[in-house]
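Modelling step: build the complete structure from the supplied sequences, incorporating the hints.
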Amino acid sequence: MSDGPLLNDVTRAFAEAHRNEDVRDLALKTKRTADLDLPAALDQIAGWQIARNKLPQWAACADIVYPAHISMEQCSSQFTAQYKAGIARRLLRSLPQSAGQTANDATMTDLTGGFGVDFSYLARGFGHATYVERQSHLCELAAHNMAALGLTQAQVVCGDGVEYLRAMEPAQLIYIDPARRDEHGARTYAIEDCTPDVLALRDLLLAKARYVMIKLSPMLDWRKAVDDFAGTVAEVHIVSTGNECKELLLVLDGKAAGATSDVAAADTRAPHVYCVNDDQRLDYDAAAYTRGLRIGDAPLPHELRYLYEPNASIMKAGCFDVVEARFGAVQIGPSSHLFVSDEPVDGFPGRGFAIETIGGMGKKELKRLLSGLDRANIAVRNFPLTAPQLRKKLKLADGGDAYLFGTTMQGGDHVLIRTAKISR
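Everything in the sequence shown is counted per my numbering, starting at 53 for the first residue and increasing by one.
The hints are simulated quantities; they were obtained by calculation from the structure and are not laboratory data. Be aware that a few hints might be false.
[Claimed, not checked] In the DMTMM-like style, the derived pairs of lysine to aspartate or glutamate whose C-alpha atoms are separated by at most 20 Å in a straight line are:
hint, residue 1, residue 2
1, Lys307, Asp337
2, Lys473, Asp450
3, Lys298, Asp331
4, Lys419, Glu361
5, Lys416, Asp426
6, Lys473, Asp335
7, Lys276, Glu287
8, Lys307, Glu287
9, Lys419, Asp398
10, Lys298, Glu125
11, Lys416, Asp465
12, Lys473, Glu395
13, Lys419, Glu395
14, Lys415, Asp394
15, Lys106, Asp465
16, Lys106, Glu296
17, Lys307, Glu296
18, Lys445, Asp426
19, Lys473, Asp453
20, Lys473, Asp373
21, Lys83, Asp115
22, Lys276, Asp335
23, Lys298, Asp273
24, Lys307, Asp273
25, Lys447, Asp426
26, Lys298, Asp255
27, Lys106, Asp331
In structure tokens:
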């Protein structure tokens with residue numbers, strides 16, 4: 053890694069002066085000079101423009117140097133990075149402290165450092181934190197940026213994460229975010245196809261740390277992932293923001309893995325599941341419920357006055373029986389994943405709507421149900437038509453204050469529910 057500055061003064065000043073301007077326009081109109089590294093300046097401007105929304109604390113730090121565009125698009129957001137840091141702090145508090153041991157003695161290692169966003173937030177809770185990354189230019193950025201952020205406990209190691217894992221001293225936490233692209237750049241989803249293969253490394257990871265936090269694709273089936281790790285997964289975190297599922301996090305517990313010699317018992321150990329969508333939080337012990345597969349046959353309320361749509365993390369978790377038990381709302385039908393109630397449900401993890409009318413798909417019913425509407429927001433759940441097909445059939449423009457849900461009731465009837473959104 054070089055000892056000189058990553059950006060010269062002219063390039064940094066240019067990026068600062070033009071950071072609110074369009075990068076493409078700047079690339080076309082800027083006059084080249086010997087001291088101005090224009091590609092680097094444009095990377096800084098584009099990076100800062102992404103960071104001001106995605107990483108506001110980083111954007112507020114004047115000395116941060118940003119990587120090329122693709123790394124900024126792929127890096128964690130401040131919200132998801134802070135969430136991981138919160139998990140780490142809670143795990144540390146749960147550990148018994150040896151005589152004379154303090155939080156300053158705790159250590160963590162990030163084996164797949166990347167741009168270093170997750171590392172920068174995780175490291176703050178530890179006395180010593182090690183960032184490991186194979187790409188030297190990312191290591192240079194990390195060393196610079198961790199110093200700019202005041203993380204004096206951070207150590208940057210340029211090398212292969214698996215080789216470092218084999219030789220490292222034990223730590224309280226290992227964090228790993230395996231690459232989800234193959235050698236040809238194609239996206240992969242199966243755990244064993246990611247690099248490194250964390251399934252193959254499971255025993256070594258748990259030999260080196262009490263807790264291992266693994267970031268996986270939100271496309272994965274979390275139940276299969278838990279089964280693949282054979283009883284070592286203590287926690288599953290399904291993390292969404294803006295109602296878009298962003299991350300699937302697994303926390304492996306080395307003590308739990310070694311707590312029993314009964315392989316069958318270990319393989320059936322159920323984790324604690326956390327569903328997060330911004331400020332909406334729900335957690336439950338997976339062993340206490342029927343794996344989220346209840347078919348939606350509980351008796352419906354006498355009056356269907358309110359409809360609730362679960363957020364993305366609840367949908368991903370499939371914990372519909374948990375939602376029924378916690379909030380008292382009932383699934384409207386098998387596989388519809390919409391909930392109804394005769395009274396408002398406080399704190400429901402999702403969106404709420406006031407039901408105005410419910411009708412079938414016959415001409416007379418549709419005429420009554422659609423009275424006065426020329427536009428509506430349309431969604432379908434367990435319905436024979438897609439949302440675009442239903443919109444075309446109803447001849448409605450998109451938007452407005454009305455929300456229409458096409459779904460299937462418990463008796464198998466296809467219905468259209470006209471609603472108005474409830475403000476939280």
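Cross-check of the supplied hints:
Taken as a hint, the Lys307 and Asp337 pair is honoured in the structure, with Cα atoms around 18 Å apart against an allowance of 20 Å. Among the hinted pairs, Lys473 with Asp450 is consistent with the structure: their alpha-carbon atoms are about 15 Å apart, no more than 20 Å. A threshold of 20 Å between alpha carbons decides the hint, and for Lys298 with Asp331 the separation of about 15 Å falls inside it, so the pair holds. Distance hint between Lys419 and Glu361 is unfulfilled; the C-alpha atoms sit about 25 Å from each other, more than 20 Å.
Taking the CA atoms of Lys416 and Asp426, the gap is about 17 Å. The hint holds against a cut of 20 Å. Only pairs whose Cα atoms come within 20 Å are accepted, and Lys473 paired with Asp335 is rejected, the gap being roughly 26 Å. A distance of roughly 14 Å separates the Cα atoms of Lys276 and Glu287; the hinted pair therefore holds under the 20 Å criterion. For the hint linking Lys307 to Glu287, the alpha-carbon distance of about 13 Å falls within 20 Å, and the restraint holds.
Between the alpha carbons of Lys419 and Asp398 the distance comes to roughly 33 Å, so the proposed pair goes past 20 Å and is violated. With a C-alpha separation of about 13 Å, the suggested pairing of Lys298 with Glu125 holds against the 20 Å cut-off. Restraint check for Lys416 and Asp465: the C-alpha separation of about 16 Å stays at or below 20 Å, so the hint holds. Taking the CA atoms of Lys473 and Glu395, the gap is about 15 Å. The hint holds against a cut of 20 Å.
Between Lys419 and Glu395 the alpha-carbon distance is near 27 Å, which puts this suggested pair outside the 20 Å criterion. Distance restraint check for Lys415 and Asp394: the Cα-Cα separation of roughly 28 Å exceeds the 20 Å cut-off, and the hinted pair is therefore not satisfied. Taken as a hint, the Lys106 and Asp465 pair is broken in the structure, with Cα atoms around 44 Å apart against an allowance of 20 Å. Distance check on the hinted pair: Lys106 and Glu296 sit about 14 Å apart at the alpha-carbon level, within 20 Å; holds.
Our distance criterion of 20 Å between C-alpha atoms is broken by Lys307 and Glu296, whose separation comes to about 33 Å. Of the supplied pair hints, the one linking Lys445 and Asp426 holds, its CA atoms being roughly 13 Å apart against a limit of 20 Å. The suggested pairing of Lys473 with Asp453 holds, with an alpha-carbon distance near 7 Å, which does not exceed 20 Å. The straight-line distance between the Cα atoms of Lys473 and Asp373 is roughly 24 Å, outside the 20 Å bound, and the hint therefore fails.
Between Lys83 and Asp115 the CA atoms are separated by roughly 25 Å; this puts the pair beyond 20 Å, and the hint is violated. Distance hint between Lys276 and Asp335 is fulfilled; the C-alpha atoms sit about 19 Å from each other, no more than 20 Å. Of the pairs offered as hints, the one joining Lys298 and Asp273 holds, with about 14 Å between alpha carbons and a cut-off of 20 Å not exceeded. Of the pairs offered as hints, the one joining Lys307 and Asp273 is violated, with about 25 Å between alpha carbons and a cut-off of 20 Å exceeded.
Of the supplied pair hints, the one linking Lys447 and Asp426 holds, its CA atoms being roughly 8 Å apart against a limit of 20 Å. Taken as a hint, the Lys298 and Asp255 pair is broken in the structure, with Cα atoms around 27 Å apart against an allowance of 20 Å. Pair hint Lys106 plus Asp331 holds up; C-alpha atoms about 17 Å apart against a cutoff of 20 Å.
Of the numbered hints given earlier, the model fails hints 4, 6, 9, 13, 14, 15, 17, 20, 21, 24 and 26; all others are met.
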